[in-house]
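Enquirer: Sequence:
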Amino acid sequence: MLLPREKPFLSGLNSYYLDVEKFIQHLQGEIGTGCLYGKGSDQELMVYFDESDIVRSLTQNKGEHALASEQLDHVFAALRQRNFQVSVYYLDPDSIFFWGQLPAFRRAKGRLSSAKVSLPDLVFRLNKREFSGFIEVDVQGRSDCAVLFFHQGLRRGGSYYWGTGGLSPADDDYNTLLAMLQKSGGIYSLGYFISDPVAAPPPLPEEQPPPEADNPATAGCRTLTEIDRAVNEFLTVFLKTAEARGDFEPLLELKLKFIDFVSIYPTLDPYGAACVLEKDGSVTFSDDEAAKAGAEGIVDCAWMVIEEQKLHKKFRAGLKKMAGKEVLRAEGIEVER
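With the first letter of the sequence shown counted as 1, position 299 gets the number 299 in the numbering used here; the numbers rise by one all the way through.
Hints listed in this document are in silico derivations from the structure and should not be mistaken for laboratory results. It should be emphasised that the depicted structure is a prediction, and the values quoted were computed from it without experimental measurement. Positions of the beta carbon are idealized from the N, C-alpha and C atoms, including for glycine. Fair warning: there could be bad hints in the mix.
Said to hold, decoys possible - Pairs of lysine-lysine, DSS-like flavour, derived with a Cα cap of 30 Å: (1) K279 x K325; (2) K116 x K314; (3) K116 x K313; (4) K325 x K240; (5) K279 x K255; (6) K320 x K255; (7) K7 x K183; (8) K109 x K183; (9) K116 x K310; (10) K7 x K39; (11) K240 x K313; (12) K310 x K240; (13) K255 x K116; (14) K325 x K116; (15) K240 x K109; (16) K292 x K240; (17) K314 x K240; (18) K321 x K240; (19) K292 x K320; (20) K314 x K255; (21) K22 x K7; (22) K109 x K128.
What the hints assert, rightly or not - Listed next, with one range per pair, are the computed distances between beta-carbon atoms: (23) H151 x K321: 40 to 48 Å; (24) R142 x D121: 18 to 26 Å; (25) L2 x E70: 17 to 25 Å; (26) S69 x K22: 14 to 22 Å; (27) S11 x F97: 18 to 26 Å.
All chains should be modelled from the sequences, with the hints used to inform the complete structure.
Expert: So, in structure tokens, the structure goes:
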């Protein structure tokens with residue numbers, strides 16, 4: 001579930017000692033609008049309310065989709081089966097229906113570091129893709145955090161640790177977050193609204209010509225460029241580094257990163273034909289533009305896999321001998337990190 005980032009109005013409560021129905025009625029009179037969040041060992045629940053009604057209630061078992069309703073029956077059923085740690089968040093009248101009607105979403109499995117891509121650059125890339133979803137931001141070494149919401153590429157507001165009300169459209173809050181990231185660094189996580197076309201494979205048309213690489217009439221027509229050769233050399237070093245461990249599948253992990261960050265690197269979309277990662281670890285691009293656009297994403301995603309596996313020292317050593325790194329550097333892509 002996605003929670004507001006402001007400090008809770010109340011926290012540290014246990015559902016065992018609460019009559020939740022009466023407690024929500026009390027909150028409707030006390031704060032007017034907000035949400036009650038309960039966290040159990042393998043289940044979560046949330047109730048959004050305004051001064052007179054239940055806006056929406058949610059329950060979610062671990063690893064499953066959330067169940068939504070405008071009634072509390074499934075919430076009461078969950079409360080009868082287990083205890084929950086309960087927190088309450090105040091959401092002002094302007095944000096309660098935004099939060100209460102959030103569409104279904106999925107989170108990307110990977111995370112991005114501000115050392116690899118700045119938040120303004122990430123926002124710029126998502127804007128070009130007309131991204132609908134959110135970015136969760138954690139400032140390193142501090143409690144400060146935020147969740148920024150986007151609709152068709154435009155930032156619509158955010159929930160900030162230091163804020164109130166659940167949804168601030170103010171540029172001042174966003175700029176405060178940027179200043180914190182510049183000073184301390186941070187980590188980003190992406191969430192895609194399911195209705196967003198990048199969140200699911202695009203439907204195939206009824207009649208579709210084969211991709212150029214699979215079409216006998218055109219196969220082999222494209223001449224490899226220096227970028228193609230440099231990217232493939234980079235992938236060779238990546239595989240040699242990863243295969244020395246032998247306890248994970250580097251190409252599978254790399255493809256999962258392509259899926260997670262398809263909104264940032266659309267050329268790497270595994271459901272498209274612009275970039276094809278072969279079983280031997282080589283990559284082919286549909287054209288020169290795809291090669292230029294895909295190179296940066298491949299380098300970034302490979303480094304994410306390397307860092308998660310704690311192989312960065314061996315990888316750096318292997319990259320020192322890479323002949324084509326200057327080709328990528330000329331395109332603004334730094335392979336040694």
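Enquirer: Does each hint fit the structure? Answer for all of them.
Expert: Right, here's what the structure says about each hint:
Distance check on the hinted pair: K279 and K325 sit about 23 Å apart at the alpha-carbon level, within 30 Å; holds. Pair hint K116 plus K314 holds up; C-alpha atoms about 19 Å apart against a cutoff of 30 Å. Between the alpha carbons of K116 and K313 the distance comes to roughly 17 Å, so the proposed pair stays at or under 30 Å and holds. Under the criterion of a C-alpha separation no larger than 30 Å, the hint pairing K325 with K240 is consistent with the structure, at around 17 Å.
As the CA atoms of K279 and K255 are separated by approximately 11 Å, the hinted pair is consistent with the 30 Å bound. Annotation: proposed proximity of K320 to K255 holds, straight-line Cα distance about 25 Å (limit 30 Å). For the hint linking K7 to K183, the alpha-carbon distance of about 23 Å falls within 30 Å, and the restraint holds. Among the hinted pairs, K109 with K183 is consistent with the structure: their alpha-carbon atoms are about 26 Å apart, no more than 30 Å.
Between the alpha carbons of K116 and K310 the distance comes to roughly 16 Å, so the proposed pair stays at or under 30 Å and holds. At most 30 Å may separate the alpha-carbon atoms for a hinted pair to count; K7 and K39 meet this at roughly 16 Å. Restraint check: the Cα-Cα separation between K240 and K313 comes to about 13 Å, which is no more than 30 Å; the hinted pair holds. Restraint check for K310 and K240: the C-alpha separation of about 15 Å stays at or below 30 Å, so the hint holds.
The straight-line distance between the Cα atoms of K255 and K116 is roughly 19 Å, inside the 30 Å bound, and the hint therefore holds. At roughly 17 Å between alpha-carbon atoms, K325 and K116 fall within 30 Å of each other, so this suggested pair holds. Straight-line distance between C-alpha atoms of K240 and K109 comes to about 24 Å, which keeps the hinted pair within the 30 Å bound. With a C-alpha separation of about 24 Å, the suggested pair K292 and K240 falls inside the 30 Å cut-off, and the hint holds.
Between K314 and K240 the CA atoms are separated by roughly 10 Å; this keeps the pair inside 30 Å, and the hint holds. For the suggested pair K321 and K240, the alpha carbons sit about 13 Å apart, so the restraint of at most 30 Å is met. At most 30 Å may separate the alpha-carbon atoms for a hinted pair to count; K292 and K320 meet this at roughly 22 Å. Restraint check: the Cα-Cα separation between K314 and K255 comes to about 21 Å, which is no more than 30 Å; the hinted pair holds.
Annotation: proposed proximity of K22 to K7 holds, straight-line Cα distance about 23 Å (limit 30 Å). With a C-alpha separation of about 22 Å, the suggested pair K109 and K128 falls inside the 30 Å cut-off, and the hint holds. Take H151 and K321: their Cβ atoms lie about 46 Å apart, and the range 40 to 48 Å holds. Between R142 and D121 the beta carbon distance is about 22 Å. The supplied range of 18 to 26 Å therefore holds.
Checking the proposed 17 to 25 Å range against L2 and E70 shows it holds: the Cβ atoms sit about 19 Å from each other. Against the hinted window of 14 to 22 Å, the Cβ-Cβ separation of S69 and K22 comes to about 20 Å, which satisfies the hint. In this structure the supplied range 18 to 26 Å holds for S11 paired with F97, their Cβ-Cβ distance being about 24 Å.
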